[in-house]
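Peer 1: Please arrange chain B on chain A, whose structure you already have, making use of the hints.
Protein chains in written order, with this note's numbering: chain A, 1 to 98; chain B, 1001 to 1475.
In case anyone wonders, no lab produced these hints; they're calculated from the structure.
Careful: at least some of the hints might be erroneous.
[Unchecked claim] In silico DSS-like cross-links for lysine-lysine, where the CA-CA straight-line distance does not exceed 27 Å:
| hint | chain 1 | residue 1 | chain 2 | residue 2 |
| --- | --- | --- | --- | --- |
| 1 | B | Lys1291 | A | Lys35 |
| 2 | B | Lys1410 | A | Lys35 |
| 3 | B | Lys1387 | A | Lys63 |
| 4 | A | Lys63 | B | Lys1253 |
| 5 | B | Lys1239 | A | Lys35 |
| 6 | B | Lys1284 | A | Lys35 |
| 7 | B | Lys1141 | B | Lys1027 |
| 8 | B | Lys1232 | A | Lys72 |
| 9 | B | Lys1387 | B | Lys1250 |
| 10 | A | Lys28 | B | Lys1352 |
| 11 | A | Lys29 | B | Lys1416 |
| 12 | A | Lys29 | B | Lys1291 |
| 13 | B | Lys1291 | B | Lys1387 |
| 14 | B | Lys1253 | B | Lys1386 |
| 15 | A | Lys63 | B | Lys1376 |
| 16 | B | Lys1387 | B | Lys1376 |
| 17 | B | Lys1060 | B | Lys1106 |
| 18 | A | Lys28 | B | Lys1416 |
| 19 | A | Lys63 | B | Lys1386 |
| 20 | B | Lys1291 | B | Lys1270 |
| 21 | B | Lys1003 | B | Lys1060 |
| 22 | A | Lys28 | B | Lys1410 |
| 23 | B | Lys1109 | A | Lys72 |
| 24 | B | Lys1352 | A | Lys96 |
| 25 | B | Lys1253 | B | Lys1232 |
| 26 | A | Lys63 | B | Lys1285 |
| 27 | B | Lys1376 | B | Lys1386 |
| 28 | B | Lys1239 | A | Lys72 |
| 29 | B | Lys1106 | A | Lys72 |
| 30 | B | Lys1141 | B | Lys1410 |
| 31 | B | Lys1284 | B | Lys1387 |
| 32 | A | Lys63 | B | Lys1232 |
| 33 | B | Lys1243 | A | Lys63 |
| 34 | B | Lys1410 | A | Lys29 |
| 35 | B | Lys1284 | A | Lys72 |
| 36 | B | Lys1352 | B | Lys1239 |
[As the list claims (entries may be wrong)] Away from chain A, derived, C-beta distances all over 10 Å, residues of chain B:
| hint | residue |
| --- | --- |
| 37 | Cys1133 |
| 38 | Thr1190 |
| 39 | Ile1290 |
Glycine included, each C-beta is placed from N, C-alpha and C at the ideal position.
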Amino acid sequence: MNKESINEEVVRHIAALSRLSLSDTDVKKYQSQLKNILDYIEQLDEVNTEDIPPTTHVLSSMKNVFREDVAKDSLSQEEVLDNAPSRRNGFFRVPKVI
Amino acid sequence: MEKAYTNINDFRDWINGQDRPLSELSKIMIDRVKSINDDINSFISVDEDLISGCAAALEKQDPRGALWGVPVAVKDNICIKGRLTTCASHILDGFRPPYNATVIEKLDKAAALLFGRANMDEFAFGSSCETSCYGPTRNPKDLSCIPGGSSGGSAAAVAGGQVLAAIGSDTGGSIRQPASMCGIVSIKPTYGRVSRYGLIAFASSLDQIGPLARNVEDCAALLEIIAGYDEKDSTSVDKEVPKYTESLGKDVKGLTIGIPAEYFGEGMDKEVRSKVEDAVNLMKKLGAVIKNISLPHTRYAVSCYYIIAPAEASSNLARYDGVHYGLRSEACDDMVEMYTATRNEGFGAEVKRRILLGTYSLSSGYYDAYYLKALKVRTRISDDFKKAFEECDCILTPTSPSTAFELGEKMDDPLKMYLSDIYTIPANLAGIPAISLPCGEDRKGLPVGLQLMAGPFAEDVLIRVAHAFESNSVK
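Bound-form chain A, shown alone:
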């Protein structure tokens, strides 16, 4: 268990992981709101979960689904690119990566 209280540095770190950039005011606001929520969630520690398996699927009847590896019709390149904010020569266009 590692549950030190969430501080502003942690909020900045998770914002970076989430690809969000927060203003200093936002960091303060989220820090206090997340702290409230996490303090409430602490109550889960009261529940005895020794030898209790985690729920990976709610219905026990669930199994892996396989199908034959056959090609089927899919969306055309045009349909796929139609929603792109920027495109060129049949590709998604993005700003420089490196």
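Peer 2: Below, chain B without anything else, positioned relative to chain A:
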């Protein structure tokens, strides 16, 4: 159609007696939507040309589909090919899906007239329909109140008489709680009963699509149409869909209804309690066996949910990066800056809050303490229900601890807002079906909702009990 919408059967009689073409009638239906939309903002937009076009295309259909011409609202997170679908978020500005959700294919086949774009909390994150980037929806029963959420637009559109029925999604109560607050009926089906293909994902282990309508019969009819196995959704279950409408009109004699003490504790409005207790008494009078039961882990459901749902959401929402669809920020020089600026501009405050919460509980060092712990508590919550359904056919509770609250009342306190879903969240965690239906009004005339839950795939039991209640309760 000078008379207000009542139910699908009445509508069918009316429309079959018309000699005007459906495209002409659709204009009346569109006007009906527009007449109060400025007041309640239940629809983000109404694409009149598209809707009239769909109506014209249905004119020659013979034989007519079961929902021929029935106006149905669709929550803005369910993909309709070629129509704007944005989850009420700027990040999906301009997005027109290149395919239909499976439920849309099914409703099309039944010849429903789809009015898209029912308003919602942004990405379905909310309990009041106030976080939409297109402004809040208001409750048609009282314009100073919220309609509930996140499918607030769907519920308000049905309750306000703009459409006859609606489709929404329910991750922690998002169709039941607004149905309760607007005084209509809705069903959250068993996880896997209805295909999620084309539902824009929020929390994939909890999301289910379900119907909202003016009465139990219409909900049953809609569920019959949208339910069923779909090879495009690997979590949909290959199990025959019963004729839900055959469960209507059966009595409840001999059925055992469980009343869990944990759903009648503190935090519950007195008037809600009194209406729900009246409902229990009516069930008893109708011949049901009432049994006091316990679901001891109920009090942990909200905590469990607010680990699992944001964790799944933070992962599902990673796809909004400004590359493939929707918004892209221009304020950037490189790729990472583009991602960050796009997400900052595109997401609202509640969405950011949940992404942060989810990322935190999944991040290195916290995974075991939060996420894994929550998955184990989820098992215990499910086990409570399994045990309960060994001794009862269904469970009766309130849908929400209070009636509709005022706009703005809980917006500054996320935790308080989260706790308004305390009675609906457990059914999603356990994957079981649940129905919400009206059971009276409080002093202010605001509707109180009754919730029934049953074991996996026992939607027929819910419909049977709910219909018996509806037919015998005093309006």
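Peer 1: Hints first: check each against the structure and report whether it holds.
Peer 2: Status of each hint after checking the structure:
1. Lys1291(B) / Lys35(A): 40 Å, violated
2. Lys1410(B) / Lys35(A): 18 Å, holds
3. Lys1387(B) / Lys63(A): Status holds; Cα separation ~23 Å.
4. Lys63(A) / Lys1253(B): 37 Å, violated
5. Lys1239(B) / Lys35(A): It is violated: about 44 Å lies between the C-alpha atoms, which goes past 27 Å.
6. Lys1284(B) / Lys35(A): 45 Å, violated
7. Lys1141(B) / Lys1027(B): 25 Å, holds
8. Lys1232(B) / Lys72(A): Holds, at about 13 Å.
9. Lys1387(B) / Lys1250(B): Judged against 27 Å, a Cα distance of about 26 Å means the pair holds.
10. Lys28(A) / Lys1352(B): This hinted pair holds, its Cα atoms lying about 14 Å apart.
11. Lys29(A) / Lys1416(B): 16 Å, holds
12. Lys29(A) / Lys1291(B): Violated, at roughly 46 Å.
13. Lys1291(B) / Lys1387(B): The given pair, whose Cα atoms are some 14 Å apart, holds under the 27 Å limit.
14. Lys1253(B) / Lys1386(B): 23 Å, holds
15. Lys63(A) / Lys1376(B): Holds - the C-alpha atoms of lysine 1376(B) and lysine 63(A) are around 20 Å apart, at most 27 Å.
16. Lys1387(B) / Lys1376(B): With Cα atoms ~17 Å apart, lysine 1387(B) and lysine 1376(B) stay inside 27 Å; holds.
17. Lys1060(B) / Lys1106(B): 19 Å, holds
18. Lys28(A) / Lys1416(B): 19 Å, holds
19. Lys63(A) / Lys1386(B): 20 Å, holds
20. Lys1291(B) / Lys1270(B): Holds, at about 22 Å.
21. Lys1003(B) / Lys1060(B): 26 Å, holds
22. Lys28(A) / Lys1410(B): 20 Å, holds
23. Lys1109(B) / Lys72(A): Holds - the C-alpha atoms of lysine 72(A) and lysine 1109(B) are around 23 Å apart, at most 27 Å.
24. Lys1352(B) / Lys96(A): 26 Å, holds
25. Lys1253(B) / Lys1232(B): Violated, because 40 Å separates the two Cα atoms, which is more than 27 Å.
26. Lys63(A) / Lys1285(B): 43 Å, violated
27. Lys1376(B) / Lys1386(B): With a Cα-Cα distance of about 15 Å, the restraint between lysine 1376(B) and lysine 1386(B) holds, given a limit of 27 Å.
28. Lys1239(B) / Lys72(A): Judged against 27 Å, a Cα distance of about 25 Å means the pair holds.
29. Lys1106(B) / Lys72(A): 21 Å, holds
30. Lys1141(B) / Lys1410(B): Holds - the C-alpha atoms of lysine 1410(B) and lysine 1141(B) are around 19 Å apart, at most 27 Å.
31. Lys1284(B) / Lys1387(B): 22 Å, holds
32. Lys63(A) / Lys1232(B): 15 Å, holds
33. Lys1243(B) / Lys63(A): Holds - the C-alpha atoms of lysine 63(A) and lysine 1243(B) are around 26 Å apart, at most 27 Å.
34. Lys1410(B) / Lys29(A): 16 Å, holds
35. Lys1284(B) / Lys72(A): Violated - the C-alpha atoms of lysine 72(A) and lysine 1284(B) are around 55 Å apart, more than 27 Å.
36. Lys1352(B) / Lys1239(B): Roughly 38 Å between the alpha carbons, so the hint for lysine 1352(B) and lysine 1239(B) is violated.
37. Cys1133: 16 Å, holds
38. Thr1190: Violated, since 8 Å does not exceed 10 Å.
39. Ile1290: Since the minimum Cβ distance to chain A is about 28 Å, isoleucine 1290(B) lies beyond 10 Å and the statement holds.
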